[in-house]
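Protein chains: 2
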Amino acid sequence: MSQLETVMGMATAVFDKYAKTEDNTQTLTKAELKTLLEKELPNFLSTGKDKDAINKVFRNLDENGDFQVDFKEFVIFVAALTCCCHKYFEQKAAK
Amino acid sequence: MSQLETVMGMATAVFDKYAKTEDNTQTLTKAELKTLLEKELPNFLSTGKDKDAINKVFRNLDENGDFQVDFKEFVIFVAALTCCCHKYFEQKAAK
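Protein sequences, first through last, are from chains S and F.
Numbers 1 to 95, taken from the UniProt record's numbering, label the letters of the first sequence in order.
Numbers 1 to 95, taken from the UniProt record's numbering, label the letters of the second sequence in order.
Derived from the structure by calculation, the hints contain no laboratory data.
Worth double-checking, as some hints may not be accurate.
[As the list claims (entries may be wrong)] Derived DEER-like restraints, expressed as beta-carbon distance ranges: (1) 22(S) <-> 84(F): 22 to 28 Å; (2) 6(S) <-> 45(F): 15 to 21 Å; (3) 45(F) <-> 53(S): 40 to 46 Å; (4) 3(F) <-> 55(S): 23 to 29 Å; (5) 31(S) <-> 3(F): 18 to 24 Å; (6) 22(F) <-> 25(S): 42 to 48 Å; (7) 39(S) <-> 91(F): 20 to 26 Å; (8) 43(F) <-> 21(S): 28 to 34 Å; (9) 3(S) <-> 22(F): 16 to 22 Å.
[Claimed, not checked] 30 Å max Cα-Cα, derived BS3-like pairs, lysine-lysine: (10) 30(F) <-> 92(S); (11) 39(S) <-> 34(F); (12) 51(F) <-> 72(F); (13) 56(F) <-> 72(S); (14) 39(F) <-> 87(S); (15) 92(S) <-> 17(F); (16) 72(S) <-> 39(S); (17) 34(F) <-> 95(S); (18) 95(S) <-> 17(F); (19) 72(S) <-> 72(F); (20) 39(F) <-> 95(F); (21) 87(S) <-> 95(F); (22) 17(S) <-> 39(S); (23) 92(S) <-> 72(F); (24) 17(S) <-> 30(S); (25) 72(S) <-> 39(F); (26) 95(S) <-> 39(F).
Where a beta carbon is used, it is the ideal one built from N, C-alpha and C, also for glycine.
Construct all of the structure, not just a fragment, from the sequences and the given hints.
See the structure below:
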C-alpha cells in the first residue's frame, strides 16, 4: 500500500475500532466518540476547561441529527482537524 | 503518536512531499497532483480510459479557481475518497 492508501486504511480502522463497541457497529454513539477522542487525541478535550465540550463536538458532528456519528461525519471531522493542524504536523516532521 | 495522529501527520507529509517539487511549496500544481495520484493511488487514473481524467479531477479540486490545489482542497479530496473506499478498506483489514 502507498502512504496515502495507508492513511485511508488507518482512518477507517480507527473509526471501526471504536464504532464496534456498542450496538450499531456502523456509527459512533456519544460515548464511543468520547472514548475515541480521549484515546486518539488526548489533548483535544482535556485542554479546554469546558465540561460541555464533548456534547458540543457531538452536536456539531452529528450533521443529520440522528444521535450517531457516521463514517462520513467522522471523516469530515478528521479532515477539518488535519487542516487546523497542518503547521503543527509540518513542524513535527521537520524535527 | 496515536493512530489518528499518525493518520493526520501522514496526510500532511504526503501533500508536502509532492507540493514542494515546484515553485509554490504550499500548493499542488496540476503536474504535481498528477504525480501524486500516479504514485499514491496507482489505480485511480489508470483504470479509467478517460484521457481527460486528470484535468477533470484538477478542475473539481481547485475550488477557488486559482489553478493550484491547496492543502484544504487536498484534504477534502482524501476525505471524500476515504468515504467511497470505506467498504474496501474494511474488507482489506478483515483479511
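So, going through the hints one by one against the coordinates:
For the pair residue 22(S) and residue 84(F), the beta carbons lie near 26 Å from each other, so the given range of 22 to 28 Å is met. At about 19 Å, the beta-carbon gap between residue 6(S) and residue 45(F) stays in the expected band of 15 to 21 Å. A hinted range of 40 to 46 Å holds for the C-beta pair residue 45(F) and residue 53(S), which are about 42 Å apart. For the pair residue 3(F) and residue 55(S), the supplied restraint of 23 to 29 Å holds, since their beta-carbon distance comes to about 25 Å.
At roughly 19 Å, the beta-carbon separation of residue 31(S) and residue 3(F) lies within the given 18 to 24 Å, and the hint holds. For the pair residue 22(F) and residue 25(S), the beta carbons lie near 44 Å from each other, so the given range of 42 to 48 Å is met. At roughly 25 Å, the beta carbons of residue 39(S) and residue 91(F) sit within the given window of 20 to 26 Å. Taken as a hint, the range 28 to 34 Å holds for the pair residue 43(F) and residue 21(S), whose Cβ atoms sit roughly 33 Å apart.
At roughly 20 Å, the beta carbons of residue 3(S) and residue 22(F) sit within the given window of 16 to 22 Å. Taking the CA atoms of residue 30(F) and residue 92(S), the gap is near 27 Å; set against the 30 Å cutoff, the hint holds. Distance restraint check for residue 39(S) and residue 34(F): the Cα-Cα separation of roughly 36 Å exceeds the 30 Å cut-off, and the hinted pair is therefore not satisfied. A threshold of 30 Å between alpha carbons decides the hint, and for residue 51(F) with residue 72(F) the separation of about 26 Å falls inside it, so the pair holds.
Only pairs whose Cα atoms come within 30 Å are accepted, and residue 56(F) paired with residue 72(S) is accepted, the gap being roughly 23 Å. Distance hint between residue 39(F) and residue 87(S) is fulfilled; the C-alpha atoms sit about 24 Å from each other, no more than 30 Å. Of the pairs offered as hints, the one joining residue 92(S) and residue 17(F) holds, with about 14 Å between alpha carbons and a cut-off of 30 Å not exceeded. Restraint check: the Cα-Cα separation between residue 72(S) and residue 39(S) comes to about 20 Å, which is no more than 30 Å; the hinted pair holds.
Straight-line distance between C-alpha atoms of residue 34(F) and residue 95(S) comes to about 29 Å, which keeps the hinted pair within the 30 Å bound. About 16 Å separates the Cα atoms of residue 95(S) and residue 17(F), which keeps this hinted pair within 30 Å; it holds. The straight-line distance between the Cα atoms of residue 72(S) and residue 72(F) is roughly 17 Å, inside the 30 Å bound, and the hint therefore holds. Of the pairs offered as hints, the one joining residue 39(F) and residue 95(F) holds, with about 24 Å between alpha carbons and a cut-off of 30 Å not exceeded.
The hinted pair formed by residue 87(S) and residue 95(F) fails the criterion: a straight-line CA distance of about 36 Å is larger than 30 Å. Between residue 17(S) and residue 39(S), the direct Cα distance comes to roughly 12 Å. Compliance with the 30 Å bound is thereby established for this hinted pair. A threshold of 30 Å between alpha carbons decides the hint, and for residue 92(S) with residue 72(F) the separation of about 19 Å falls inside it, so the pair holds. Using a Cα cut-off of 30 Å, the hinted pair residue 17(S) and residue 30(S) holds, with the two alpha carbons roughly 15 Å apart.
Pair hint residue 72(S) plus residue 39(F) holds up; C-alpha atoms about 25 Å apart against a cutoff of 30 Å. Pair hint residue 95(S) plus residue 39(F) holds up; C-alpha atoms about 25 Å apart against a cutoff of 30 Å.
Consistency with the previously given hints fails for numbers 11 and 21, ordered from lowest to highest.
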